[in-house]
Amino acid sequence: MTRLPEPVTALAAALGRLPGIGPRSAERIALHVVQSDPTAVRDLAAALTLARERVASCSICGALTESQPCPVCTDPRRDATTVCIVERALDVLSLEKSGTYRGHYHVLGGKLSPLNGVGPEDLRIAPLEQRLDRAPAREIILALGGDVEGDATAHYLARRLAGRGARISRLAQGLPAGGGLEFADELTLSRALEGRRDMAP
Amino acid sequence: MERNGSRSPRKPTDLPQRGQRRFFRGGCRGGIHSTVATGASFTQNHGVHLAELRLRDFRNYGRLDAQFTPGFHLFLGRNAQGKTNLLEAIYLLATLRSFRGVGGTHMVRHGAKGYFVGGTVVGRGPAEIRAYWSPRERKLSLNGAPVKRLADFLGTLRAVVFCSEDVQLVKGVSRVRRRFLDLLLAQTRPDYLPLLLRYTQALRMRNALLKHPLPDEEQLAGFTAELVRLGDGLSAARRELAPRFAPLAAQAFRRIASEADELGLEYHPSVKGDLAVALANSRSRERTYRTTMVGPHRDDLALRVNGQPAAQYTSEGQKRTLALALKMAQAEYMTGLHGSPPVLLIDDVMGELDATRRAGFLPLLNQSQRAGGQVFMTCTAEEWPRELGRELIRWSVDAGKLNQA
Ligand SMILES: [Zn+2]
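Each protein sequence line maps, in turn, to chains Z and R.
Each step along the first sequence adds one to the number in numbering that gives the first Met the number 0, with nothing skipped, and position 4 is 3.
Each step along the second sequence adds one to the number in numbering that gives the first Met the number 0, with nothing skipped, and position 119 is 118.
To be clear, the hints were calculated from the coordinates, so they are not data collected in a lab.
Keep in mind that the hints are not guaranteed to be accurate.
Sample of chain R residues facing chain Z (criterion: CB under 7 angstroms; computed from the structure) [said to hold, decoys possible]:
1. Arg203
2. Ala207
3. Pro212
4. Leu213
5. Leu391
6. Lys400
7. Gln403
Every residue gets a Cβ at the ideal spot worked out from N, C-alpha and C, and that includes glycine.
Just chain Z, with the same shape it has in the complex (with noise of 0.2 angstroms):
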């Protein structure tokens, strides 16, 4: 059996470490690759770069942005003294799609999670205190998956956050379990935002 070319094989091996792409199917998009047209890589290759360089992480909440610090932290008509805490940047956009949600936002990076070694230094809580000593918040809604590590999350931050004369709410019960809130439609998040609930610490 002949093997597979050296480049092939490294190239296989960096799509493989992306997410969602196994070991077969990132060797089959490597085949494919170096048997296309080499414009059509050229113009890949490019994309790849461009998003990369164009789009960042908001200096301020974290989100996905072009400019600095994001759309929506620069926004006059959104109320600052509400901020919403998730656990990823793509936890905005689906937040934003439900289209009720008026305030800021803030992303933790993550969630606490002791089997996989992520603690409260991993995540961007230090940040947000930082920016709540700052711009002190009247409501902090935690937007947090429904899971173990989620709930544990939000019992942990509830405690953490209290003290700052805030409002500490939790979304209502009802999204989807075990999945984040992309899982949940938008009706759902925003039911799920109206009905939420004060958090005792």
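With chain Z held as given, fit chain R with the ligand onto it using these hints.
The following block gives chain R with the ligand in isolation, referenced to the frame of chain Z:
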């Protein structure tokens, strides 16, 4: 009646979620291991039976395609020919687990990459199950569609297994009885299995935190809150179930015990009062042992015969009888709940019983027969219990081949 070579199994599709993958792992470690009632209603009173079983590279079966009618099937053959493997495969279709408490690798035929078990269940409309397992891949489909949530799958085929390991229910550690209890609850309450899986997850997370020499108390509090909420749900469900199940078990025991022995069954929670308080009080012990010391994961089911703890004060024979009674009660409980009897898988336990005790077992078999249910029993040819009647469908099992006798 084995058909060779006519049909190859279509490939079932991927199992997407991690929680389900864990469940599909063979073996009994952690979690529950049997069928689960979903929210469906069970008004019809006709039997559910396994009409077809297909095996590829499963244990000593390279390839098997067999059809089964309702009724009493007897697998006859010498030892180590693959009789129990057939029961194991049927149980796997019902529960996605091996009743032998082993993982998937043990069930793959020597030299093969993975095993396939497929089955057609006839009852509330036919259902086709396909399960494929390899160290790298697990696939499960129902009627051609990948199974996304286990609640949608479990309950397609319900089975209760009777095997010699059942005696561990009496002799073994509390985990064995907890699993039995969890199984009963998962059958009565559709919300129980998600709660249990979630509790287990919260417990693993909390224990991971406790492994540190100096656990972060604030983080610990976050996972404790979650553990308490879920643990309270588990305890409430277990507390409610025990008094309902106990009379069934006592009745079954009276029927098969040789003496006039009384079986008492009682839920023994690890924490009698407030779980949050008990967890707070156990913090110093947690510091020593670096694990969660109290909670539903330490519950037990107390079994007493004539008021005495069954593990210490009964003979080996009584222990086996008691274990059998628990399984009979489980089958009766499921029948009462779902309106149709589960498929009974009986692995060689008849040989262990004397004629009196076997007679006590007959009503359950008769009930199954009347309801159009199905029984699969293994036996070595010399010792099959002839009093079980003439309506037996006899199969011979010889070196991974199944033939109607
Ligand atoms: Zn921003």
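So, going through the hints one by one against the coordinates:
no., hint, result
1, Arg203, "holds (6 angstroms)"
2, Ala207, "holds (4 angstroms)"
3, Pro212, "violated (14 angstroms)"
4, Leu213, "violated (12 angstroms)"
5, Leu391, "violated (46 angstroms)"
6, Lys400, "violated (35 angstroms)"
7, Gln403, "violated (42 angstroms)"
Checked against the numbered hints given earlier, this structure breaks hints 3, 4, 5, 6, 7; the rest are met.
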